[in-house]
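Q: Those sequence lines, one after another, are chains A and B.
Per my numbering, residue 1 is the first one in the first sequence, and the count goes up by one each step.
Per my numbering, residue 1 is the first one in the second sequence, and the count goes up by one each step.
Please keep in mind that the hints were generated in silico from the structure rather than gathered at the bench.
There's no promise every hint is true.
To be verified - Straight line, CA to CA, 30 Å or less: simulated DSS-like cross-link-like pairs of lysine-lysine:
hint : chain 1 : residue 1 : chain 2 : residue 2
1    : B       : Lys26     : B       : Lys51
2    : B       : Lys194    : A       : Lys20
3    : A       : Lys33     : A       : Lys71
4    : A       : Lys40     : B       : Lys147
5    : A       : Lys24     : A       : Lys71
6    : A       : Lys40     : B       : Lys149
7    : B       : Lys198    : A       : Lys20
8    : A       : Lys27     : B       : Lys129
9    : A       : Lys24     : B       : Lys173
10   : B       : Lys60     : A       : Lys71
11   : A       : Lys71     : B       : Lys75
12   : B       : Lys198    : B       : Lys173
13   : B       : Lys129    : A       : Lys71
14   : A       : Lys20     : B       : Lys220
15   : A       : Lys77     : A       : Lys33
16   : B       : Lys230    : A       : Lys71
17   : B       : Lys220    : B       : Lys194
18   : B       : Lys220    : A       : Lys69
19   : B       : Lys230    : B       : Lys147
20   : A       : Lys20     : B       : Lys230
21   : A       : Lys20     : B       : Lys79
22   : A       : Lys17     : B       : Lys147
23   : A       : Lys48     : B       : Lys194
24   : A       : Lys69     : B       : Lys102
25   : A       : Lys40     : A       : Lys62
26   : A       : Lys17     : B       : Lys173
27   : A       : Lys77     : B       : Lys220
28   : B       : Lys60     : A       : Lys17
29   : A       : Lys24     : B       : Lys51
30   : A       : Lys27     : A       : Lys69
31   : A       : Lys77     : A       : Lys24
32   : B       : Lys26     : B       : Lys129
Now for the letters of each chain:
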Amino acid sequence: MTNKVVIYTTPECVYCKMTKEFFKENKVVYEEKDVSIDDKAREEMVAKSGQLGVPVVDIDGKIIVGFDKEKLTELLKLN
Amino acid sequence: MYDVIIIGGGPAGAAAGVYSARKKLKTLFISEGFGGQSLVSDDIENWVGIKKMTGLELAKMLEEHVRAYENVEIKMPEKAVSVKEISDGLSVQAGWEVGTDKNNVYQTKALIVVSGGRRRRLNVSGEDKFEGKGVSYCSTCDAPLFKDKIVAVIGGGNAGAEAAIDLLPYAPKIYLINRGSELTADPLIVEEIKKSPKIVIINNAETQEIIGDKFVSGLKYLDKQGSGQKELALDGVFVEIGSVPNSEFVKALVETNRAGEIIVDHKTGATSRPGIFAAGDVTDEIYKQNNISAGDGVTAALSAYNYLLNIKKQSPAFAEATAGKPAYENKNSN
Chain A
1 MTNKVVIYTT PECVYCKMTK EFFKENKVVY EEKDVSIDDK AREEMVAKSG
51 QLGVPVVDID GKIIVGFDKE KLTELLKLN
Chain B
1 MYDVIIIGGG PAGAAAGVYS ARKKLKTLFI SEGFGGQSLV SDDIENWVGI
51 KKMTGLELAK MLEEHVRAYE NVEIKMPEKA VSVKEISDGL SVQAGWEVGT
101 DKNNVYQTKA LIVVSGGRRR RLNVSGEDKF EGKGVSYCST CDAPLFKDKI
151 VAVIGGGNAG AEAAIDLLPY APKIYLINRG SELTADPLIV EEIKKSPKIV
201 IINNAETQEI IGDKFVSGLK YLDKQGSGQK ELALDGVFVE IGSVPNSEFV
251 KALVETNRAG EIIVDHKTGA TSRPGIFAAG DVTDEIYKQN NISAGDGVTA
301 ALSAYNYLLN IKKQSPAFAE ATAGKPAYEN KNSN
């Protein structure tokens, strides 16, 4: 089963980079939205998460704020 | 039982890990992650030997080096929350028992505390409630989220001034709120700050409350020069008021100074408690620098090694086994 994964990022955010690297290591296909240039994505992210902070990850509608390896592993069923 | 447990994954912890490993100590490494406080830095230009790198690159270098040794076991992400003395009444020398947030308990003969520091919080009403909802501790990460929004940066030192500069491309107005009567940031940065029409410096201001509904909508501060409490309407608050040492979990065992830093003997990294060593930003080291933390970490590891040799020498079993043999070899060769 393939999950629909969207990550909202800013260019200098280290936890965004760590999350993306985690995706690459685990061969997770994801879509990235850079909220520093994409105003619509920024609004979408705030509406989904209720947060003004990056990264925000949307996995099939489930929202994770920050780089949370354990939660990502759980939602992506990587174990 | 481990020979040594290292608590913390910044430069001090990684250096201690490498040296403990090379001394063939059975080592446990407990950390929330590698890289320490520099992890979020997008530009490190003073790590000796490398002209320029990001915090993430530093973290990876440190991690790879520690992971290169098989005798270092790594528990990560895991956080030490307590340390207790083991006293069975029989041992020649007491050991230590480290409890973690995963409810694990690990025992060790020696302990190296390299848990670093964390960002100081304002401790005002609204700060916790609005964290991630307008209150941020990472301007490089979150500045782009405040496009077309009015923000405040709390803190008149280098970190505060740099945060204000990070926000310049995005926020139309930035209040720089400073407790003192003038900014303490380096003159070059202050000059840049004063040149920008977007940045409004408010001196002698004590932040008292962050207000809002779902997100931040304002900030209240006390004008210390006597004009009472004032309120600013804004959408974001960046807190840049320095750091505090992560020493709480060992405070009952070792001496700390008024700032909460562990007091160490700077020749050896020894704390007031035999068997507990410390290094880096969690200690009373004056210069909080990555290079210095790494060096201090080496000192702590070598001292822990010598401590372990000494308690081994004092144990009755060792005396029996080595009777008639030459003294224990202690060559500090690497």
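Q: Please go over all the hints and tell whether each is borne out by the structure.
A: Now for the hints, and whether the structure bears them out:
1. Lys26/B / Lys51/B: It is violated: about 34 Å lies between the C-alpha atoms, which goes past 30 Å.
2. Lys194/B / Lys20/A: violated, 38 Å
3. Lys33/A / Lys71/A: The given pair, whose Cα atoms are some 20 Å apart, holds under the 30 Å limit.
4. Lys40/A / Lys147/B: Judged against 30 Å, a Cα distance of about 12 Å means the pair holds.
5. Lys24/A / Lys71/A: Answer holds: Lys24/A to Lys71/A is near 16 Å, not above 30 Å.
6. Lys40/A / Lys149/B: Holds, at about 16 Å.
7. Lys198/B / Lys20/A: Violated: Lys198/B and Lys20/A sit about 34 Å apart, past 30 Å.
8. Lys27/A / Lys129/B: Violated, at about 36 Å.
9. Lys24/A / Lys173/B: violated, 38 Å
10. Lys60/B / Lys71/A: holds, 22 Å
11. Lys71/A / Lys75/B: holds, 17 Å
12. Lys198/B / Lys173/B: Status holds; Cα separation ~5 Å.
13. Lys129/B / Lys71/A: holds, 23 Å
14. Lys20/A / Lys220/B: violated, 38 Å
15. Lys77/A / Lys33/A: holds, 23 Å
16. Lys230/B / Lys71/A: violated, 42 Å
17. Lys220/B / Lys194/B: Holds, at roughly 23 Å.
18. Lys220/B / Lys69/A: Distance of about 37 Å is beyond 30 Å: violated.
19. Lys230/B / Lys147/B: The hint holds at about 25 Å.
20. Lys20/A / Lys230/B: violated, 43 Å
21. Lys20/A / Lys79/B: With Cα atoms ~24 Å apart, Lys20/A and Lys79/B stay inside 30 Å; holds.
22. Lys17/A / Lys147/B: Judged against 30 Å, a Cα distance of about 21 Å means the pair holds.
23. Lys48/A / Lys194/B: Given that 30 Å is the threshold and the Cα spacing comes to 38 Å, the pair is violated.
24. Lys69/A / Lys102/B: Holds, at roughly 15 Å.
25. Lys40/A / Lys62/A: holds, 19 Å
26. Lys17/A / Lys173/B: Holds. Lys17/A to Lys173/B sits at ~29 Å (cutoff 30 Å).
27. Lys77/A / Lys220/B: violated, 46 Å
28. Lys60/B / Lys17/A: Between Lys60/B and Lys17/A the Cα gap is close to 12 Å, so the pair holds against 30 Å.
29. Lys24/A / Lys51/B: holds, 28 Å
30. Lys27/A / Lys69/A: Roughly 14 Å separates the two Cα atoms, so the pair holds.
31. Lys77/A / Lys24/A: holds, 15 Å
32. Lys26/B / Lys129/B: violated, 43 Å
Going through the hint list in order, the structure does not satisfy hints 1, 2, 7, 8, 9, 14, 16, 18, 20, 23, 27, 32.
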